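**Student:** On the provided structure of chain A, position chains B, C and D as indicated by the hints.
There are 4 protein chains.
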Amino acid sequence: MAKISGLLYSHSANIIHADQHLDRDEGLFFMRLEWSLENFDMAAFERAFAELARGLKLRWRMQLSARRMKVAMMVSRYQHCLADLLHRQQTGELHCDIPLILSNHRDAEKLAAFHGIPFYAIPVTQENRAQAEAEQIRLIGEHACDLIVLARYMQVLSPGFVARFPQRIINVHHSFLPAFTGARPYHAAFSRGVKIIGATSHYVTDVLDEGPIIDQDVMRVSHRDQTENLIEKGRDLERMVLSRAVKWHTEGRILCYGNKTVIFD
Amino acid sequence: MAKISGLLYSHSANIIHADQHLDRDEGLFFMRLEWSLENFDMAAFERAFAELARGLKLRWRMQLSARRMKVAMMVSRYQHCLADLLHRQQTGELHCDIPLILSNHRDAEKLAAFHGIPFYAIPVTQENRAQAEAEQIRLIGEHACDLIVLARYMQVLSPGFVARFPQRIINVHHSFLPAFTGARPYHAAFSRGVKIIGATSHYVTDVLDEGPIIDQDVMRVSHRDQTENLIEKGRDLERMVLSRAVKWHTEGRILCYGNKTVIFD
Amino acid sequence: MAKISGLLYSHSANIIHADQHLDRDEGLFFMRLEWSLENFDMAAFERAFAELARGLKLRWRMQLSARRMKVAMMVSRYQHCLADLLHRQQTGELHCDIPLILSNHRDAEKLAAFHGIPFYAIPVTQENRAQAEAEQIRLIGEHACDLIVLARYMQVLSPGFVARFPQRIINVHHSFLPAFTGARPYHAAFSRGVKIIGATSHYVTDVLDEGPIIDQDVMRVSHRDQTENLIEKGRDLERMVLSRAVKWHTEGRILCYGNKTVIFD
Amino acid sequence: MAKISGLLYSHSANIIHADQHLDRDEGLFFMRLEWSLENFDMAAFERAFAELARGLKLRWRMQLSARRMKVAMMVSRYQHCLADLLHRQQTGELHCDIPLILSNHRDAEKLAAFHGIPFYAIPVTQENRAQAEAEQIRLIGEHACDLIVLARYMQVLSPGFVARFPQRIINVHHSFLPAFTGARPYHAAFSRGVKIIGATSHYVTDVLDEGPIIDQDVMRVSHRDQTENLIEKGRDLERMVLSRAVKWHTEGRILCYGNKTVIFD
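Residue numbers (the numbering used here), protein chains in the order written: chain A, 114 to 378; chain B, 114 to 378; chain C, 114 to 378; chain D, 114 to 378.
Just chain A, with the same shape it has in the complex (with noise of 0.2 Å):
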C-alpha cells in the first residue's frame, strides 16, 4: 500500500476512489485505486508500475474508465432481466456497450430492434448444441466482447464454453443461493413453505450455480403468495441484483479470490 500510493504520489495522481481489503486467514491483500488521468503521464507510470509490480509479485490489472466494456447479452423467453439492462444501459446507468443479443428464442427480437441492437437467434437442442456454441462464441468474438450476461438465458453452457470466459459470464439465479439450486426454484420454495424469497447474480463456473456469488437480494413473502406470486415478486429481485453485478463488473469492483468476490463499492 505505502509503495503504490507513494508511487502513485511521485505522478502527481489525483485519486478519487481509494479502497482496500485485508483477508487475514488468507494472508491477502487487496486494494482498488481510482484516479484522474489530467495531467498524468500514464507511459511512464505503467513503466514504473510494471517493475513494481513485479518486485512485489503482485497481480493486477489497470482499466481505463473512458474505455467501455462491450457486453454481450444471451437470453431466452423472459425478457424483465434484459428489457431492464437495456435500459439502464440507454440512460447511461451502464458505463457500456451492448454490440449483441444472442438467444434460442425469437421473442426478444423486437425490444434488441428497439434498441437498435443486432439480434441474433440460434435454436439450441441436445443434438446442435456444440454447433450453436459454436456459432455463439464465434459472434461473441467477432463483436469483441469483454462479458456475457446470461439474462435468464435457460441452457446451460457446456464446460468449453465456460473455460474460454473465466469470470467474464455472469448468470443470474432466481433463489438465495446456495438454497434452491437447479431447475424451478420458486416452486421449490413455495413447496418448503419459505417466508422470504431472494435471487443471486454470480459469475458461471463449471459447476452449476455454485460459481463466486456477486449479490443477492430478498423480499419477504407469506401463506398468501402462490407459486406465481413469487416468480413475479422474484422478478424485482432478478432484476436488481443482475444489473447491480453487471454494473460493477463494468466499474471494475469486482475481485475474485477462491470462490468469492470482493465489491469495491
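Simulated from the structure, these hints should not be mistaken for laboratory data.
Watch out, some of these pointers could steer you wrong.
Copies of the same chain look alike in the list, so a pair counts if it fits in one copy or across any two.
Derived lysine to aspartate or glutamate pairs resembling EDC-like cross-links, with alpha carbons at most 20 Å apart [stated by the list, open to error]:
1. 346 x 136
2. 116 x 132
3. 116 x 147
4. 170 x 136
5. 346 x 364
6. 360 x 132
7. 373 x 136
8. 360 x 345
9. 373 x 341
10. 360 x 341
11. 346 x 206
12. 346 x 378
13. 346 x 259
14. 360 x 210
15. 360 x 255
16. 170 x 159
17. 183 x 248
18. 373 x 323
Computed from a predicted structure; not experimentally measured.
**Tutor:** Only chains B, C and D this time, still in chain A's reference frame:
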C-alpha cells in the same frame, strides 16, 4: 365462513380480529376469529359450535386469550436468545408464563435466578441421553408446559421426544433455511461467500431442520465480514425470528398444514 | 360479515379470496371478497346485495376482474418508471389497458411508439397551465380512464384537476414520506446524511405529498454515496413502489379511509 | 495516504484494517488504519507521525484497541435498550466498561444490580434540572467516562450539558429521522399511515434530533398495526441501531464531519 360468522353473530359476539386464507390448490380454507367475551355466553356457544363443526367436518381449536400459555425454555451455552425472551416476557411483550428453564450446562443459571425462574441443569452425553430426556420430559410435564422453546439448545432431540410434542417445539436455526442445514451454518455461509445471512424459526419435526418454517429474517453482509462477524450479526436475527415465533404461537396465530405455516398476524 | 358471507353462500358463490380489517378506534370494519362468477347469477345477487347494503348502511363497490381498468400515464423527462410500467403491462403483470401517455415533453415519444400507445405532448408553462390541464382532462375523459398515474410527472396539478379524480391519481415521491417533502428530496437526504433512502407511492390530494400512502420501500446507503448515487439507487425504489401501487389499485385491493390505505394483498 | 502508509511501513507496522473515504465536493480525505503493536515501537512512531501530521495539517486521533472505553448509560423507564446493551457488553460483543448507570427513575435499579453496575437515581424536574445535570456531570467525570449513551433517556439535555461532550453523547430516536422529530413519533407515524417504521441513532447536538446520524433501520408495517404494535416492533429497531452505534463508536470506527458521519466498518 357464512355459517361460523352467522353463529357468532347470533350469539352477539363482538369480533376483534378476523382473517382468512384459502389454499385453492389444496382445497383448504383457514379462518381465525378473535372476539370479546363481554356479555358472551361461552357455554351456549360452545355447544352450538361443536355441532356446527361436526356438520362441516372442521378441524378447529378454541383458545382463551386470558389463559397464559406455559413455556419451557431449553438452552445450552449461548444465552442471547434466552435473555431476549425473558426480557420480552417480563415486559409483557410475550403473554406467557415461563415455569422452568432446562439446560445441559450451568451457564444460564444466574440469568434464570435474576428472573426468578427455576433452573434445571441436566448434562447430556452420548450415554445418558435417554435418561436425560426422560428427566426433561418429566419436568416439562410436571410444570404442565404447552410449548417448548429451544433457545439455542445445541442437542438434537430424539424422535421419541419430538413425537410427544407435535407442533409444540420451536427451534431457531442460525441460517436462512433450507440453505446451510446442520452444524456450523455461519462457517458454511462464510465459506460459500454469501452476501446475505439469515436465521429461521421453525417447528421441530423428526427430520433435522426440515420442520414448518415460522419466520425468517436476513441481513446484508460483505467481504469485510469474517465468520465471527457473521456469528455476531446473526445473533440479532436469531433473537428476532425466535421471539416472533414464540409470540405468534402463544397468541394462537399459527396454523400448520402440510409442512407449512399460516401466520395470522 | 355474517350477513354478507351468508348472502354469498346462499347464491352459491365460490369465494377465491377473503380478507378483513377492523379499526377498533374508529369503529370501522373493512371486508374484501373475491369470488368466481361461474354458475353465479349476478343480476339476482346485485339486487339482493343492494338491499342488504342499504339496511346495513355499507359503503361498498363491486368490480369485475375481467374488466381491465384504463390507465392514463403522465410523465415528464425521466422515463424509468414509465418504461417499467409499460413493460409490466405488456407482460401481463399489470392487468390494465393504457390508452394514452401524456407528457409536457417529447422525450417519451419513442417509448410510447414502441408500445403502440398514443402519445400527447402538451407543454405546460406558468401561463398556459389552466389551458394545458383542460386539454389533459379532455383527453383523459375521451379515453374513459379510470386511473391516472404520475410516473415522475414533475408538474404540480391544480386543486381543480385533483378534485376531479379523487383517489384516482397515484403519484410516486422520491423520498420516504413524510421525510423530505417537496423538491429535490435526494439532495436533501444527502445533505442530512441519512443512512437509508426511500420512495413512496400515494394518492394525490390537494396538499402536496400529503395524500394517503400506498407503498414505501427503502435501501441502505453509506457515506460513499454521493447525491447522484442516491438518485440512481432511488430509481429502483421508485419503480417498485409505483408499480405495486398501480397493480393493487387496478386489482381493487386498496381501500382508503381518513388519510390512510388498507391494502388487501 | 502515500506518506502515512509509507511511515507505517518504515516502522514495520502490520496493518490489520485500512479504509478510506474521499469527499470530493468538500475536498476532504478520510483514512482509518488499524495495525498490530507486536514488535512496534510506539514512542518512535508517535514522534515521527506528529511531525508528519503537522506538515500535512492533518486532523487525527490515535486510539489503543486494548484500552476499553468507559461508557455512562442514561435511562428513564423503558429498559429494552439498556438491557440489550448490558447483555452485549457482558458477552464481549461491546468492548467497553460501563462504570455507572444514571436514571431519573428507579425502574432500572434491579437490572443494574444484576450486572453489578453502580446505579444512581437522580429525579429531574423543571425546577431542579440545572442541579440534577450538575450531579450527573460530576458522576460522569468521577468515573472518567469517554461516552454517554442515552438508552431511551426521555429528558432533553441542556445546551450546557451537550456542549461539554461534543460527539460523545449518542441517542436513539424512535423514528426514521428526519421524519417524526420530537415527541411520540410512533403515534405520529400511525396517524400518517406510513408503511415502514424506523429508528435512528445519532450524536446529540444542541438542536433536538438534528445531530449527525450514525445508523438507521426500518421495518415494514401494515394497516393491521395499531400504535402499540408500532411501539413494540420499533423496540427491535431501537435496540439494533443503538447497539451498533455504541459498538462502532467504542471501536473508533466513526468520523464526524459537517453534520454527517463516516462509518468505517
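**Student:** How do residue 346 and residue 136 come out at 20 Å by Cα distance, when the copy is not named: within, between, both, or neither?
**Tutor:** between (36 Å within a copy, 19 Å between copies)
**Student:** Measure nothing new, just compare the shortest in-copy and cross-copy C-alpha distances for residue 373 and residue 323 to 20 Å and report within, between, both or neither.
**Tutor:** Within one copy only: 10 Å inside, 28 Å across.
**Student:** Is it within a copy, between copies, both, or neither that the alpha carbon of residue 360 lies no farther than 20 Å from that of residue 341?
**Tutor:** Cα proximity of residue 360 and residue 341: across copies only (15 Å, versus 29 Å in one copy).
**Student:** Measure nothing new, just compare the shortest in-copy and cross-copy C-alpha distances for residue 183 and residue 248 to 20 Å and report within, between, both or neither.
**Tutor:** within (18 Å within a copy, 45 Å between copies)
**Student:** Please sort residue 373 with residue 341 into within, between, both or neither, judging by C-alpha distance up to 20 Å.
**Tutor:** between (32 Å within a copy, 17 Å between copies)
**Student:** Up to 20 Å between alpha-carbons, please classify residue 346 paired with residue 378: within, between, both or neither.
**Tutor:** Answer is between; shortest inter-copy Cα gap is 13 Å, intra-copy 26 Å.
**Student:** Tell me, please, which holds for residue 116 and residue 147 at an alpha-carbon limit of 20 Å: within, between, both or neither?
**Tutor:** both (16 Å within a copy, 18 Å between copies)
**Student:** Which holds for residue 360 with residue 132 at a C-alpha limit of 20 Å: within a copy, between copies, both or neither?
**Tutor:** within (18 Å within a copy, 22 Å between copies)
**Student:** How would you classify residue 346 and residue 364 at a CA-CA limit of 20 Å: within, between, both, or neither?
**Tutor:** The answer is between: 16 Å across copies meets 20 Å, while 28 Å in one copy does not.
**Student:** Using 20 Å as the alpha carbon limit, work out where residue 373 and residue 136 are close: within a copy, between copies, both or neither.
**Tutor:** within (12 Å within a copy, 29 Å between copies)
**Student:** Between residue 346 and residue 259, at a C-alpha cutoff of 20 Å, which is it: within one copy, between copies, both, or neither?
**Tutor:** Classified as neither: same-chain Cα gap 31 Å, cross-chain 25 Å, threshold 20 Å.
**Student:** Can you give me the call for residue 170 and residue 136, within, between, both or neither, at a CA distance of at most 20 Å?
**Tutor:** Within one copy only: 17 Å inside, 32 Å across.
Of the numbered hints stated above, those contradicted by the structure are hints 13, 15, listed in ascending order.
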